[in-house]
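Participant: Spelled out from the first residue to the last, the chains are:
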Amino acid sequence: MKSKLFGTATIAALATIAAGSLPAVAQSPIKIGFVSTFSGPQAAIGEDMRRSVELAKEHLGGKMGGRPFEIVYEDDQFKPDVGKQKSEKLVQQDKVNFIAGYIWSNVLLASLKPVTDEGDTILISANAGPSQIAGELCNKNFFSTSWVNDQTPMAMGEYLQSKGVKSLYLMAGNYAAGKDMLAGVKRTFKGQIVGEDLTKWPDQLDFSAELAKIRAAKPDGIFIFYPGAHGVQFLTQYAQAGLKGQIPLYQVFSIDAITLPLQKDLALGTLGAQEWVNDLPNDANKKYVADFKKKHGVYPSYYGAQSYDAIMLIASAAEALKGDVSDKSKVRAEMKKANFKSVRGDFKYNTNQFPIQNFYIQEAVKDPEGMMTVKTIATAMKDAKDPFYEKCSMK
Amino acid sequence: MIAALRTPRGLLTALILLVLAVLPLLTQAFDQRYLLSVGTRIVIWSIAAVSLNMILGYGGLVSFGHAVFFGIGGYAVGILSAHGVSSGWIQWPVALAVATLWAALIGALSLRTRGLYFIMITLAFAQLVYYVGGGLEAYGGDDGLNISRSRFSGLIDLRDKPSFYWLCFAALCGTLWFCGRFANSRFGYVIRGAKSNDLRMMALGFPVFRYRLAAFTISGAFGGLAGILLANEGAYVSPAMMSWVKSGDLIVIVVLGGMGTLLGPLFGAIAFFALEESLPPLLDLLRKGWGEYWQIVFGPLLVLIALYARGGIDSLLGRRAP
Amino acid sequence: MDYLLLQMLNGVQLGLLMFLLAAGLTLTFGIMDLVNLAHGSLYMMGAYIAWTTIGWTDSFVLGALLALPVIFLLGLVVEAVVARRLYVRNHLDQVLATFGLILFFNELVRVIWGPAGKSIAVPTFLNHTVEILPGVPYPAYRFAIIVVGAVVAVLLAWLVARTRIGMLIRAGASNRRMIGALGVNIELLFSLVFGLGAVFAGLAGLMAAPITSVKIGMGDDILILAFVIIVIGGIGSIKGAFIAAMVVGQIDIVGRAFLPDLLKTFLSASAASSAAPAISQVLVYIVMAGVLVWRPTGLFGQRQ
Numbered sequence: 000m001k002s003k004l005f006g007t008a009t010i011a012a013l014a015t016i017a018a019g020s021l022p023a024v025a026q027s028p029i030k031i032g033f034v035s036t037f038s039g040p041q042a043a044i045g046e047d048m049r050r051s052v053e054l055a056k057e058h059l060g061g062k063m064g065g066r067p068f069e070i071v072y073e074d075d076q077f078k079p080d081v082g083k084q085k086s087e088k089l090v091q092q093d094k095v096n097f098i099a100g101y102i103w104s105n106v107l108l109a110s111l112k113p114v115t116d117e118g119d120t121i122l123i124s125a126n127a128g129p130s131q132i133a134g135e136l137c138n139k140n141f142f143s144t145s146w147v148n149d150q151t152p153m154a155m156g157e158y159l160q161s162k163g164v165k166s167l168y169l170m171a172g173n174y175a176a177g178k179d180m181l182a183g184v185k186r187t188f189k190g191q192i193v194g195e196d197l198t199k200w201p202d203q204l205d206f207s208a209e210l211a212k213i214r215a216a217k218p219d220g221i222f223i224f225y226p227g228a229h230g231v232q233f234l235t236q237y238a239q240a241g242l243k244g245q246i247p248l249y250q251v252f253s254i255d256a257i258t259l260p261l262q263k264d265l266a267l268g269t270l271g272a273q274e275w276v277n278d279l280p281n282d283a284n285k286k287y288v289a290d291f292k293k294k295h296g297v298y299p300s301y302y303g304a305q306s307y308d309a310i311m312l313i314a315s316a317a318e319a320l321k322g323d324v325s326d327k328s329k330v331r332a333e334m335k336k337a338n339f340k341s342v343r344g345d346f347k348y349n350t351n352q353f354p355i356q357n358f359y360i361q362e363a364v365k366d367p368e369g370m371m372t373v374k375t376i377a378t379a380m381k382d383a384k385d386p387f388y389e390k391c392s393m394k
Numbered sequence: 000m001i002a003a004l005r006t007p008r009g010l011l012t013a014l015i016l017l018v019l020a021v022l023p024l025l026t027q028a029f030d031q032r033y034l035l036s037v038g039t040r041i042v043i044w045s046i047a048a049v050s051l052n053m054i055l056g057y058g059g060l061v062s063f064g065h066a067v068f069f070g071i072g073g074y075a076v077g078i079l080s081a082h083g084v085s086s087g088w089i090q091w092p093v094a095l096a097v098a099t100l101w102a103a104l105i106g107a108l109s110l111r112t113r114g115l116y117f118i119m120i121t122l123a124f125a126q127l128v129y130y131v132g133g134g135l136e137a138y139g140g141d142d143g144l145n146i147s148r149s150r151f152s153g154l155i156d157l158r159d160k161p162s163f164y165w166l167c168f169a170a171l172c173g174t175l176w177f178c179g180r181f182a183n184s185r186f187g188y189v190i191r192g193a194k195s196n197d198l199r200m201m202a203l204g205f206p207v208f209r210y211r212l213a214a215f216t217i218s219g220a221f222g223g224l225a226g227i228l229l230a231n232e233g234a235y236v237s238p239a240m241m242s243w244v245k246s247g248d249l250i251v252i253v254v255l256g257g258m259g260t261l262l263g264p265l266f267g268a269i270a271f272f273a274l275e276e277s278l279p280p281l282l283d284l285l286r287k288g289w290g291e292y293w294q295i296v297f298g299p300l301l302v303l304i305a306l307y308a309r310g311g312i313d314s315l316l317g318r319r320a321p
Numbered sequence: 000m001d002y003l004l005l006q007m008l009n010g011v012q013l014g015l016l017m018f019l020l021a022a023g024l025t026l027t028f029g030i031m032d033l034v035n036l037a038h039g040s041l042y043m044m045g046a047y048i049a050w051t052t053i054g055w056t057d058s059f060v061l062g063a064l065l066a067l068p069v070i071f072l073l074g075l076v077v078e079a080v081v082a083r084r085l086y087v088r089n090h091l092d093q094v095l096a097t098f099g100l101i102l103f104f105n106e107l108v109r110v111i112w113g114p115a116g117k118s119i120a121v122p123t124f125l126n127h128t129v130e131i132l133p134g135v136p137y138p139a140y141r142f143a144i145i146v147v148g149a150v151v152a153v154l155l156a157w158l159v160a161r162t163r164i165g166m167l168i169r170a171g172a173s174n175r176r177m178i179g180a181l182g183v184n185i186e187l188l189f190s191l192v193f194g195l196g197a198v199f200a201g202l203a204g205l206m207a208a209p210i211t212s213v214k215i216g217m218g219d220d221i222l223i224l225a226f227v228i229i230v231i232g233g234i235g236s237i238k239g240a241f242i243a244a245m246v247v248g249q250i251d252i253v254g255r256a257f258l259p260d261l262l263k264t265f266l267s268a269s270a271a272s273s274a275a276p277a278i279s280q281v282l283v284y285i286v287m288a289g290v291l292v293w294r295p296t297g298l299f300g301q302r303q
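Chains as they are written, first to last, in numbering that gives the first Met the number 0: chain A, 0 to 394; chain B, 0 to 321; chain C, 0 to 303.
FYI, nobody ran anything at the bench for these hints, they're computed from the structure. Keep in mind that the hints are not guaranteed to be accurate.
Derived lysine-lysine pairs resembling DSBU-like cross-links, with alpha carbons at most 35 angstroms apart [stated by the list, open to error]:
(1) K263(C) / K243(A)
(2) K327(A) / K287(B)
(3) K285(A) / K287(B)
(4) K194(B) / K327(A)
(5) K287(B) / K294(A)
(6) K287(B) / K62(A)
(7) K185(A) / K390(A)
(8) K287(B) / K56(A)
(9) K263(C) / K162(A)
(10) K292(A) / K287(B)
(11) K287(B) / K94(A)
(12) K390(A) / K287(B)
(13) K329(A) / K160(B)
(14) K263(C) / K189(A)
(15) K321(A) / K287(B)
(16) K185(A) / K263(C)
(17) K286(A) / K287(B)
(18) K94(A) / K194(B)
(19) K112(A) / K287(B)
(20) K287(B) / K293(A)
(21) K165(A) / K263(C)
(22) K160(B) / K335(A)
(23) K287(B) / K394(A)
(24) K263(C) / K217(A)
(25) K263(C) / K390(A)
(26) K30(A) / K287(B)
(27) K286(A) / K347(A)
(28) K394(A) / K327(A)
(29) K340(A) / K160(B)
(30) K112(A) / K160(B)
(31) K30(A) / K160(B)
(32) K139(A) / K160(B)
(33) K194(B) / K238(C)
All values reported here derive from a predicted model rather than from experimental measurement.
With these hints in hand, go ahead and build the complete structure from the sequences.
Facilitator: Right under this line is the structure:
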């Protein structure tokens with residue numbers, strides 16, 4: 000036992016050192032770190048992102064600006080400290096040229112300074128968009144291929160406003176993003192808010208008390224933000240309580256390609272807002288969605304689409320610089336042009352390096368083969384800027 | 000001292016302490032900056048584990064909420080820094096005072112209970128602070144708070160990784176020194192005696208409750224110190240640093256290293272982080288993609304340690320469990 | 000009035016579900032002196048195994064009936080391989096080992112069933128609402144949970160109070176060494192009790208599945224709440240666990256349904272709407288700490 004343990008420790012130490020000191024190869028590849036959640040209950044999201052990153056790599060033929068590139072995946076375990084630790088490893092040990100990924104706001108915020116300031120490495124968030132980073136914490140090394148938390152619900156609120164919905168009941172998980180979402184919908188929806196519940200996060204099992212309150216409040220609609228398994232849970236209980244068909248449901252980030260196979264018919268007809276939908280009629284998107292479906296038999300989610308775009312954004316800068324990504328300021332200048340075919344359609348970068356983009360209203364439907372998916376039914380906002388960019392010191 | 004070096008345990012201890020003392024030089028020489036990050040984390044977690052060991056190892060009081068002191072120390076620094084008070088001369092004493100007070104308060108309430116009740120009541124108080132932290136919207140809520148590191152009027156720059164490491168290492172040495180004195184003092188012997196039989200200690204006339212409360216409070220203060228360092232390490236605080244999983248990790252580290260021994264928690268922290276860092280790449284070597292499933296190996300490993308390695312690593316090295 | 004009744008019913012349903020989970024936990028602790036963190040994993044395994052068996056049989060009831068013996072067997076295996084060796088150990092070793100089991104089971108589920116989670120549909124014969132009062136519909140499936148939970152509670156009360164096994168369980172909870180001295184086959188008793196606890200946990204998991212969702216780590220969240228319940232009730236006491244579960248169920252509902260309005264009577268609307276969720280989230284912990292400060296061994300625990 001004694002010697003065994005020692006043996007393990009020695010091998011472990013050697014492995015750690017060896018992994019960091021591999022000799023540089025002749026034409027050294029561009030290295031991209033990708034931080035996401037690959038273990039635990041949220042691993043399905045990370046898996047969807049990885050599939051999209053791999054697809055982007057395939058579409059690029061494994062090369063950017065004539066140089067091969069490699070992706071180093073790291074698992075944040077859904078914990079901010081682990082995410083920070085893995086980001087540091089990518090910067091300090093793997094010496095990556097770019098880091099992308101990040102599903103969660105708190106993981107991103109914990110990793111931001113070690114990567115962008117201390118590591119002087121360019122970070123592309125493929126999902127998380129806390130408002131601080133759009134405003135006072137904005138950073139020249141930070142780019143987003145997603146959105147700021149408040150924006151998607153703002154689009155939903157605007158649409159409901161234009162449709163003449165008079166009153167809403169708001170529900171979200173009691174955490175930072177949940178609060179942002181409710182604040183967002185209130186920015187654009189000017190009707191009456193008849194009730195508002197922030198529910199325990201992430202361990203609430205049951206929404207019966209809240210659904211009973213909704214029934215008593217009789218709103219024109221319910222607005223929810225319950226990402227992942229919670230969205231499945233909410234939809235099930237909403238239907239069981241007999242509210243489906245009585246009070247319409249509007250959602251952000253609660254119905255997507257990952258949750259739809261579990262929500263099935265319960266989701267049918269529910270409207271949501273999103274900056275990307277799998278049926279957007281541009282060539283890049285058609286290719287991405289078709290190839291993704293062919294390979295994995297399911298639709299990609301917005302997490303995947305944003306990850307695909309993150310890789311394509313890096314590739315566009317590497318192309319323009321003929322593969323020489325050593326000069327950070329040149330790379331940033333190229334990335335800022337957003338000169339690539341995004342699957343959401345072309346967009347521009349704002350001063351805080353968040354996209355200026357459209358937001359669409361989508362409806363959960365069945366495709367001709369009977370598979371659950373979403374389709375675009377309206378454009379809620381055109382070329383929308385986030386509400387925080389003026390607080391950013393970059394002009 | 001010299002005699003102690005002749006045993007494998009003594010030799011290994013000396014070697015580990017030596018490597019830790021000069022780690023920044025080594026990582027610089029071999030261009031392994033990341034190992035310095037890992038080393039810093041190990042040292043900070045060791046301080047917390049040593050402080051937990053004072054009550055858990057020596058006193059037999061299983062606190063399942065020790066990570067709360069990470070949070071209290073960290074948030075005291077973070078909140079002061081958010082209000083523009085960046086001087087460490089103010090931040091650190093305030094943070095230590097808050098951690099000490101909170102430890103005294105929850106100790107006074109929790110120490111009336113025993114066994115599983117004690118485990119759960121310490122957890123309850125920790126969860127309380129955890130959710131309060133998540134509700135502090137002015138300080139980022141559960142998104143956490145980016146802070147600037149403490150300033151010590153030009154004496155030491157905490158942004159400089161090697162300097163910061165040495166500061167942490169000095170704090171660890173101080174903590175170990177204190178814990179050693181504690182364990183072998185009359186005070187320490189009362190705590191240890193009460194672990195095996197508190198009725199007897201009470202019959203002997205010792206006010207066991209007060210001794211335990213004092214130990215719990217001191218332990219909390221050192222936990223707070225670890226929290227201060229942790230906040231400065233990442234320049235970031237969030238409620239996640241005091242989640243119950245972190246409290247569980249601390250217990251695992253103490254048990255893994257060897258309870259009620261001075262250096263056990265240090266060995267435990269090294270082993271814990273070494274496993275966490277090396278299991279995924281090791282499994283990936285066996286077969287690509289297996290690394291993500293490292294917990295399927297780590298879990299049973301914990302079971303085996305609990306079942307067969309009583310006394311932890313320190314006893315494997317030849318120290319008999321107390 | 001209707002509204003109050005409806006909310007109370009919600010609390011009862013939640014409490015009974017929690018009782019199913021807490022019962023096994025308090026039994027294993029009371030009799031074997033085992034702190035079993037992996038109890039939540041058995042809850043999760045119950046839901047996943049039921050997902051598979053329901054898929055085979057295409058019937059919720061048949062699938063559930065098939066799943067329960069499988070979970071019983073799983074409980075026996077866990078007992079024989081790991082738990083049995085922990086009975087004589089201190090709580091710390093138990094926490095460490097069963098924490099290891101949690102990690103193992105979570106990854107095992109990911110390997111077998113994949114990371115994406117599953118959903119179990121409500122059985123069609125229960126997929127409607129019933130009117131408990133005119134104009135107040137209540138989901139039939141939640142009624143089913145109340146019925147099953149109540150039946151199990153009665154069964155357990157009968158088992159503990161009227162049978163020989165129950166006598167041994169009670170004897171064990173108050174003095175463990177005693178039952179050994181009585182010449183009972185302790186090993187068999189321990190295995191049976193552990194298996195029984197696993198069945199309750201699995202039952203809770205598969206009953207909860209259609210209203211929550213089946214996901215990795217689903218047992219970890221709820222485990223702490225189950226511990227809170229057995230600690231409030233007094234460890235080893237089935238009666239205590241039942242009463243504590245009911246109390247916790249009601250507290251939870253009160254915190255969610257009535258607290259915001261209550262706070263609005265003396266706070267501004269915006270202060271109330273941000274304070275209410277924070278308070279309701281910690282309410283059970285405050286109650287537990289309060290109970291323990293008042294009675295250090297819970298409501299019905301053995302006095303020292």
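Participant: Decide, hint by hint, whether the structure agrees.
Facilitator: How the hints compare with the structure:
At roughly 30 angstroms between alpha-carbon atoms, K263(C) and K243(A) fall within 35 angstroms of each other, so this suggested pair holds. Between K327(A) and K287(B) the alpha-carbon distance is near 32 angstroms, which keeps this suggested pair within the 35 angstroms criterion. For a cut-off of 35 angstroms, the pair hint linking K285(A) to K287(B) stands: about 31 angstroms separates their Cα positions. The straight-line distance between the Cα atoms of K194(B) and K327(A) is roughly 60 angstroms, outside the 35 angstroms bound, and the hint therefore fails.
Simply put, K287(B) and K294(A) have alpha-carbon atoms about 20 angstroms apart, close enough for the 35 angstroms limit, and the pair holds. The suggested pairing of K287(B) with K62(A) holds, with an alpha-carbon distance near 22 angstroms, which does not exceed 35 angstroms. Taking the CA atoms of K185(A) and K390(A), the gap is about 20 angstroms. The hint holds against a cut of 35 angstroms. Distance check on the hinted pair: K287(B) and K56(A) sit about 18 angstroms apart at the alpha-carbon level, within 35 angstroms; holds.
At most 35 angstroms may separate the alpha-carbon atoms for a hinted pair to count; K263(C) and K162(A) meet this at roughly 32 angstroms. Taken as a hint, the K292(A) and K287(B) pair is honoured in the structure, with Cα atoms around 25 angstroms apart against an allowance of 35 angstroms. Using a Cα cut-off of 35 angstroms, the hinted pair K287(B) and K94(A) holds, with the two alpha carbons roughly 21 angstroms apart. This hinted pair does not check out: K390(A) and K287(B) have alpha carbons roughly 45 angstroms apart, beyond 35 angstroms.
Between K329(A) and K160(B) the CA atoms are separated by roughly 28 angstroms; this keeps the pair inside 35 angstroms, and the hint holds. As the CA atoms of K263(C) and K189(A) are separated by approximately 22 angstroms, the hinted pair is consistent with the 35 angstroms bound. Proximity of K321(A) to K287(B) is assessed by CA-CA distance (about 32 angstroms); at most 35 angstroms being required, the pair is judged to hold. With a CA separation close to 20 angstroms, the supplied pair K185(A) and K263(C) stays within the 35 angstroms bound.
The suggested pairing of K286(A) with K287(B) holds, with an alpha-carbon distance near 29 angstroms, which does not exceed 35 angstroms. Between K94(A) and K194(B), the direct Cα distance comes to roughly 50 angstroms. Violation of the 35 angstroms bound is thereby established for this hinted pair. Under the criterion of a C-alpha separation no larger than 35 angstroms, the hint pairing K112(A) with K287(B) is consistent with the structure, at around 31 angstroms. For the hint pairing K287(B) with K293(A), the CA-to-CA distance comes to about 24 angstroms; that is within 35 angstroms, so the pair holds.
For the given pair, K165(A) sits about 24 angstroms from K263(C) by alpha-carbon distance, which is consistent with the 35 angstroms threshold. Among the hinted pairs, K160(B) with K335(A) is consistent with the structure: their alpha-carbon atoms are about 32 angstroms apart, no more than 35 angstroms. For the hint linking K287(B) to K394(A), the alpha-carbon distance of about 45 angstroms lies beyond 35 angstroms, and the restraint is violated. Distance check on the hinted pair: K263(C) and K217(A) sit about 20 angstroms apart at the alpha-carbon level, within 35 angstroms; holds.
At most 35 angstroms may separate the alpha-carbon atoms for a hinted pair to count; K263(C) and K390(A) meet this at roughly 34 angstroms. Only pairs whose Cα atoms come within 35 angstroms are accepted, and K30(A) paired with K287(B) is accepted, the gap being roughly 18 angstroms. The straight-line distance between the Cα atoms of K286(A) and K347(A) is roughly 22 angstroms, inside the 35 angstroms bound, and the hint therefore holds. This hinted pair checks out: K394(A) and K327(A) have alpha carbons roughly 18 angstroms apart, not beyond 35 angstroms.
Distance check on the hinted pair: K340(A) and K160(B) sit about 41 angstroms apart at the alpha-carbon level, beyond 35 angstroms; violated. Restraint check: the Cα-Cα separation between K112(A) and K160(B) comes to about 14 angstroms, which is no more than 35 angstroms; the hinted pair holds. This hinted pair checks out: K30(A) and K160(B) have alpha carbons roughly 25 angstroms apart, not beyond 35 angstroms. With a CA separation close to 23 angstroms, the supplied pair K139(A) and K160(B) stays within the 35 angstroms bound.
In summary, the hint linking K194(B) to K238(C) is supported, as the alpha carbons are separated by about 31 angstroms, within the 35 angstroms threshold.
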